[in-house]
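**Student:** Read off the chains here:
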Amino acid sequence: MSITFDKVVHIYGKGTSFEKRALKEVSFHIRDGEFIGLIGHTGSGKSTLIQHMNGLLKCDSGNIYYDGKDISDREYDRKTLRQNVGIVFQYPEYQLFETTVEKDVAFGPNNLKLPELQVQLRTFEALKSVGIDDSLLDISPFDLSGGQKRRVAIAGVLAMKPRVLILDEPAAGLDPRGRRDILDMIARIRREENITVVLVSHSMEDVAEYVDRIMVMNDGALAMDGTVSEVFAHRKELEEIGLSVPQISLLMSDLEDAGLIKDNGIYTMEEAVKVLSKRLLEGKRK
Amino acid sequence: MIRDITIGQYYPSESVIHRLDARVKFIGTIAYIISLFLFDTFWGFLPAFVWLTVIIVLSGVPVRYIAKGLKAMLFLMIFLILFNIFLTPGEVLAEWWIFKITDNGLINAAFMVLRLMLLVVGSGMMTYTTTPSQLTAGMESLFKPLGIFKVPVHEVAMMMSIALRFIPILLEEADKIMKAQQARGADFESGNILKRAKALIPVLVPLFVSAFRRAGELAEAMEARCYHGGKGRTKLHPLKFAKRDYVSLILLIGFVVGMGFMP
Ligand SMILES: Nc1ncnc2c1ncn2[C@@H]1O[C@H](COP(=O)(O)OP(=O)(O)OP(=O)(O)O)[C@@H](O)[C@H]1O
Ligand SMILES: [Mg+2]
Chain A
615 MSITFDKVVH
625 IYGKGTSFEK
635 RALKEVSFHI
645 RDGEFIGLIG
655 HTGSGKSTLI
665 QHMNGLLKCD
675 SGNIYYDGKD
685 ISDREYDRKT
695 LRQNVGIVFQ
705 YPEYQLFETT
715 VEKDVAFGPN
725 NLKLPELQVQ
735 LRTFEALKSV
745 GIDDSLLDIS
755 PFDLSGGQKR
765 RVAIAGVLAM
775 KPRVLILDEP
785 AAGLDPRGRR
795 DILDMIARIR
805 REENITVVLV
815 SHSMEDVAEY
825 VDRIMVMNDG
835 ALAMDGTVSE
845 VFAHRKELEE
855 IGLSVPQISL
865 LMSDLEDAGL
875 IKDNGIYTME
885 EAVKVLSKRL
895 LEGKRK
Chain B
484 MIRDITIGQY
494 YPSESVIHRL
504 DARVKFIGTI
514 AYIISLFLFD
524 TFWGFLPAFV
534 WLTVIIVLSG
544 VPVRYIAKGL
554 KAMLFLMIFL
564 ILFNIFLTPG
574 EVLAEWWIFK
584 ITDNGLINAA
594 FMVLRLMLLV
604 VGSGMMTYTT
614 TPSQLTAGME
624 SLFKPLGIFK
634 VPVHEVAMMM
644 SIALRFIPIL
654 LEEADKIMKA
664 QQARGADFES
674 GNILKRAKAL
684 IPVLVPLFVS
694 AFRRAGELAE
704 AMEARCYHGG
714 KGRTKLHPLK
724 FAKRDYVSLI
734 LLIGFVVGMG
744 FMP
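If you read the protein sequences in the order shown, they are chains A and B. Residues in the first sequence are numbered consecutively from 615, following the numbering used here. Residues in the second sequence are numbered consecutively from 484, following the numbering used here.
Hint data in this document are derived by calculation from the structure and do not stem from the laboratory. All of these numbers come straight from a predicted model, not from anything done at the bench. Zero decoy hints are in this set.
Derived list of chain A stretches under chain B, where covered just means 3 residues or more per stretch with a C-beta under 8 Å from a C-beta of chain B:
1) 662 to 676
2) 697 to 711
3) 761 to 775
Pairs of lysine-lysine, BS3-like flavour, derived with a Cα cap of 27 Å:
4) A/693 x B/681
5) B/662 x A/638
6) B/551 x A/634
7) A/628 x A/638
8) B/662 x A/621
9) A/727 x B/662
10) A/775 x B/681
11) B/659 x A/634
12) B/633 x B/718
13) B/681 x A/717
14) A/693 x A/621
15) A/672 x B/678
Every residue, glycine too, gets a C-beta built ideally from N, C-alpha and C.
My request is simple: use the sequences and hints to build the entire structure.
**Tutor:** Pasting the structure below:
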């Protein structure tokens, strides 16, 4: 599904002294199947933005279209929208409530009123794709480890079979290994299911490695929007709004400034290793 | 949204009323409330009305904000009006079937509604201008003498301030959880009462779990800072009377004494 935001404005606490313009005329277009990284400083409006994507929040002005259809239209089916656009909120493990892992994951498909067999099938599939072992199906979700809980919570959204998957800081609070596992898992699911993914994150390193396109939020407005290398080329502007480019990218651009390498626009460790080792070998040969 | 409930909410400002000692405001509110019940003529409300107007103007709390708090009482007020209009005996002004509107009924209804409005707005002014922590500190200090009768004043005050502190947090949390379950297709808006109550389970369970988790964390954090009840505890910001507090107290006494001379 393609998503279009047209001058979307959101104001919290309208008409009170706590009024806060959390989104200021945000416009963009996301094509079907894109992998988007949404980054921004704390309080820049990322969570507010994604809640508009499945109609949990309504914009105060502007329009949102899915596949060209306006979701504020009366005819637009909200239920289908919620099914098609899955949101995994920050710390989703705090939303588990059922007595067993299986039941918790089945909550979504059950709400869709699917036949029993279908529900079971989706539950198993979802748990499998997040790497939760079958032996854990019948235990209480509250007895799982933090990382496992988060996987189960993500499975609960995957079981709805969304066409667009939005994840708000899915790796927050996990150790490096856990972060990598979760992010790898998301990248894999996207490949397999061929869905649109929006990954919200503070971490440039995480985003750089996985996504195709980065959108940068700053104080409620969309400050930058482009491919990873396009956005990271604006190092100064990023630093001004409290973000930084990945450290490896800093190193590479310093090396370029020193005239040691030519190729810039490198932001993952892998690429950097490739370029640097090539350069070292060249140096040896000389 | 759940967050929009304003009744009894603090309105941040730097006004004289805001800076007043919580104890003065508390005593003032009590005196004000008593004054509302001392008289049964409209003239009796005049001093309270003037008093309240002065405080609202000084406090800088917008009238719209106050009116929002009154809106929550609308249902009760309508109830009060209907009861008084139809159930007070007196000279009949209009009659329809078993309903009779009497002159005394109209007067009574107006009187009661006025009293209720003055009551709600007046006590609201205290919570709009006093932070919960000041409020409980003030109450703790005022009720300290009860400690002689083995009333755990400090502990009760502490419990109150923690409860007040956690209300907005839990409301926000409930909002978050509701959204997350809605994203999984939960429906809180349709169906009969039983169905709606059942739909709340996916919200209430995580909410309780998180409330217990927070309570545990808070207890640990308090213990880690050597909290051991009220005995020998000192305050970072001890309540202290300033000039403005003495002035207001004198004005308050004047108000109360003046009331005694009212016909
Ligand atoms: N329910 C709400 N009521 C009032 N203001 C809110 C509410 N939710 C968020 N805000 C405000 O809106 C702004 C944007 O918040 P938002 O949660 O979208 O930021 P964020 O980019 O997700 O931040 P973080 O990275 O910390 O999650 C903030 O200034 C915040 O204080
Ligand atoms: Mg957020």
